[in-house]
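Starting from the known structure of chain A, fit chain B onto it as the hints suggest.
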Amino acid sequence: MRVSLRGLSARHPAATVASVPALKPVTLDIAVGEQIAVIGPSGAGKTTLLHALACALKPAAGSFTLDGVDPWTLPVSQLQKLRGRLFLGPQTPPLPPRQRVITAVLAGRLPRQSLFASLRSLIYPTGIAEAEAALTRFDLAHKLWDRVDRLSGGERQRVGLARVLLSSASLWLVDEPLSSLDPARSRLAIDTLTAAAREAGATLVTTLHQVDVATRFPRVLGLRDGELHFDLPAAQVTPERLRELYAQHEHELLGAPADGGDTPPGPPQTPAMYCR
Amino acid sequence: MSHPQATAIAAPQLRDPAWIGRVFWLLAACVLIAPALVVTEFKPWILFEPDALKSTKRFIADFFPPKIDREFMLMVAIECWRTVAIATAGMALAMVIAIPLTLVSTGALSVSALSGRMHTLPLIVRQAVRWLLIVLRSIPELVWALVFVRVVGLGPTAGVLAIALTYGGMLGKVYGEILESDETHSTRTLMRNGAGRLQAFFYGLLPHSAPELTSYTVYRWECAIRSSAVLGFVGAGGLGQQMDNSMKMFQGSEVATMLIVFMLLVALADQVSAWLRKSLA
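Respectively, the protein sequence lines represent chains A and B.
All letters in the first sequence, in the order written, are residues 1 to 276 by the working numbering.
All letters in the second sequence, in the order written, are residues 1 to 281 by the working numbering.
Chain A with its partners taken away, still in its complex shape:
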């Protein structure tokens, strides 16, 4: 999916109109099939950018088009249809604790399924093979029939990522996909994500705290204080530029990921999501 931002700024739904927007005017073009990593210290507006791209947040100003269409001029039903072509993977895996992994993964198909088909799948899952294949790519096939609340935080995160493989989205927006994964799993997860996006011909935008992982993406966006600090091919992201980006947040550059301080104040999160 082709994305174009012209001076787009956004603020949290709860913020007052007079407050400084979490995302200051950004101009940006993303081509079909591009893969982009967004980095920056906590509170830089990474999640806000993703939410704006996912039509989860109405821009405060500026223009925003997806494949040449401004989603916010569409009627609600059309917008909802368009959302079916977007996939937003939040940092906290959005999985009901009592649901089984298979159902949670198959939920990725919902936008392209009729209500009847999705209800039928609750009685006896259709697409077991599909779900199994998706989980295999994240090394989780053995958890297919387990309940979500029996999984560790890292496993949940990977189940959340496996869901994208079943969606038919053409723009994947993934927020901190590695926040509770160990280095080996991180590599597997990011390789799977990028390879699958390439296979599906989808555009991939992911926020990351791991700078070394981000520089393996063809294009890296650096956000700081809600502003686009740089927009460069990975090869040109030099240590100096990173130091500048993370000035006064050096501890985050050194590897200790911040505790999601930049996620908008959403619903209360279950603490169990984080224990491993």
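Accuracy of the hints is not assured; some may be wrong.
Claimed, not checked - Short derived list, chain B residues pointing at chain A, Cβ under 8 Å:
| # | residue |
| --- | --- |
| 1 | SER110 |
| 2 | LEU114 |
| 3 | SER186 |
| 4 | LEU198 |
Claimed, not checked - Cβ pair distances, simulated, as ranges:
| # | chain 1 | residue 1 | chain 2 | residue 2 | range |
| --- | --- | --- | --- | --- | --- |
| 5 | A | VAL76 | B | LEU32 | 54 to 62 Å |
| 6 | A | SER168 | B | ALA281 | 31 to 39 Å |
| 7 | A | VAL76 | B | VAL143 | 35 to 43 Å |
| 8 | B | VAL96 | A | VAL76 | 25 to 33 Å |
| 9 | A | HIS142 | B | TRP25 | 48 to 56 Å |
| 10 | A | ILE123 | B | ALA281 | 15 to 23 Å |
| 11 | A | TYR124 | B | ALA267 | 30 to 38 Å |
| 12 | B | SER112 | A | LEU232 | 45 to 53 Å |
| 13 | A | ASP191 | B | ALA267 | 55 to 63 Å |
| 14 | A | ALA14 | B | CYS30 | 35 to 43 Å |
| 15 | B | ARG117 | A | LEU232 | 34 to 42 Å |
| 16 | A | ARG150 | B | LEU276 | 36 to 44 Å |
| 17 | B | LEU47 | A | SER152 | 55 to 63 Å |
| 18 | B | SER112 | A | ALA18 | 22 to 30 Å |
To be clear, the hints were calculated from the coordinates, so they are not data collected in a lab.
For glycine and all other residues, C-beta sits at the position ideal for the given N, C-alpha and C.
Chain B only, in chain A's frame:
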């Protein structure tokens, strides 16, 4: 040498700053409850005056021993079955009323609220449904039963309809509250990714709230059993109607038997609820 920062720090506050508020609200509650006691002529000591004690004793003594002869027990069994049927049919109808209204009125399933504020039309529809639920449940089932006894005649049908309407209103309200108080992260994410309202309900909201919804429904079923006893007094059939007859005939032993049956039914509902909760947890 005085340190500028050290002087700026005040002496540590070792008193709980919130205590005054707690004491205030406690006293305020006492002040508010006093007029209520006056209005309701709350004088518990009259229960223990010799006259009152004597009539209480006579009434209770009449209960023993509970009547258990064969013919009577057969009648109790049939009426008990009828009571359960009234409660169950009433609840089933109430759910038919409540579930669609809940799905319409729940803000957690609002697509337009995904990006900021809910649109005006959905907001109006949700408010209208909420008012409809208020109307349904604010009319006591006893009044509905009196209305229906006149329309459909004496018998269980009136009881079923009365329970269906009032309980439909109650279920709709509480279902909605259970769904709204739930964690909506997964539901909202599904809708943000393009899933429909009902799909998001079945894949996101329901797995979260199923045990709570079930346990509340079973509790309401238990209430419906009790309620059908009261409705029996106005001619809506079931064990309640028999109890009314026995009371009018001063047959304390029959009343005792029927009360025991009610206790067993409530205990059964309790067990079913616990078992369902466990299997859904």
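Against the structure, the hints:
Annotation: SER110(B) was flagged as interfacial toward chain A, and the flag is violated, the nearest CB pair being 10 Å apart, outside 8 Å. At a threshold of 8 Å, the smallest CB-CB gap from LEU114(B) to chain A is about 7 Å, leaving the interface hint in force. Because the closest C-beta pair between SER186(B) and chain A is about 4 Å apart, less than 8 Å, the hint holds. Hint status for LEU198(B): holds, given a least beta-carbon distance of 5 Å to chain A, under 8 Å.
Checked against the hint of 54 to 62 Å, the C-beta distance between VAL76(A) and LEU32(B) comes to roughly 46 Å, which is inconsistent with it. The beta-carbon spacing between SER168(A) and ALA281(B), approximately 34 Å, falls within the hinted interval of 31 to 39 Å. VAL76(A) and VAL143(B) have their C-beta atoms about 41 Å apart, which keeps the hinted 35 to 43 Å range intact. Between VAL96(B) and VAL76(A) the beta carbons are some 28 Å apart, a value that agrees with the proposed interval 25 to 33 Å.
The hinted range of 48 to 56 Å is satisfied by HIS142(A) and TRP25(B), whose Cβ atoms lie roughly 54 Å apart. The hint said 15 to 23 Å for the Cβ distance between ILE123(A) and ALA281(B), and at roughly 21 Å that hint holds. For TYR124(A) and ALA267(B), the Cβ-Cβ distance of about 36 Å falls inside the hinted range of 30 to 38 Å, so the restraint holds. For SER112(B) and LEU232(A), the Cβ-Cβ distance of about 38 Å falls outside the hinted range of 45 to 53 Å, so the restraint is violated.
ASP191(A) and ALA267(B) have their C-beta atoms about 59 Å apart, which keeps the hinted 55 to 63 Å range intact. The hinted window of 35 to 43 Å between ALA14(A) and CYS30(B) holds, with their beta carbons roughly 38 Å apart. Take ARG117(B) and LEU232(A): their Cβ atoms lie about 38 Å apart, and the range 34 to 42 Å holds. Distance hint check: the CB atoms of ARG150(A) and LEU276(B) are about 21 Å apart, inconsistent with the given range 36 to 44 Å.
LEU47(B) and SER152(A) have their C-beta atoms about 60 Å apart, which keeps the hinted 55 to 63 Å range intact. About 25 Å separates the C-beta atoms of SER112(B) and ALA18(A), a value consistent with the hinted range of 22 to 30 Å.
The structure is inconsistent with the numbered hints 1, 5, 12 and 16, although it conforms to all the rest.
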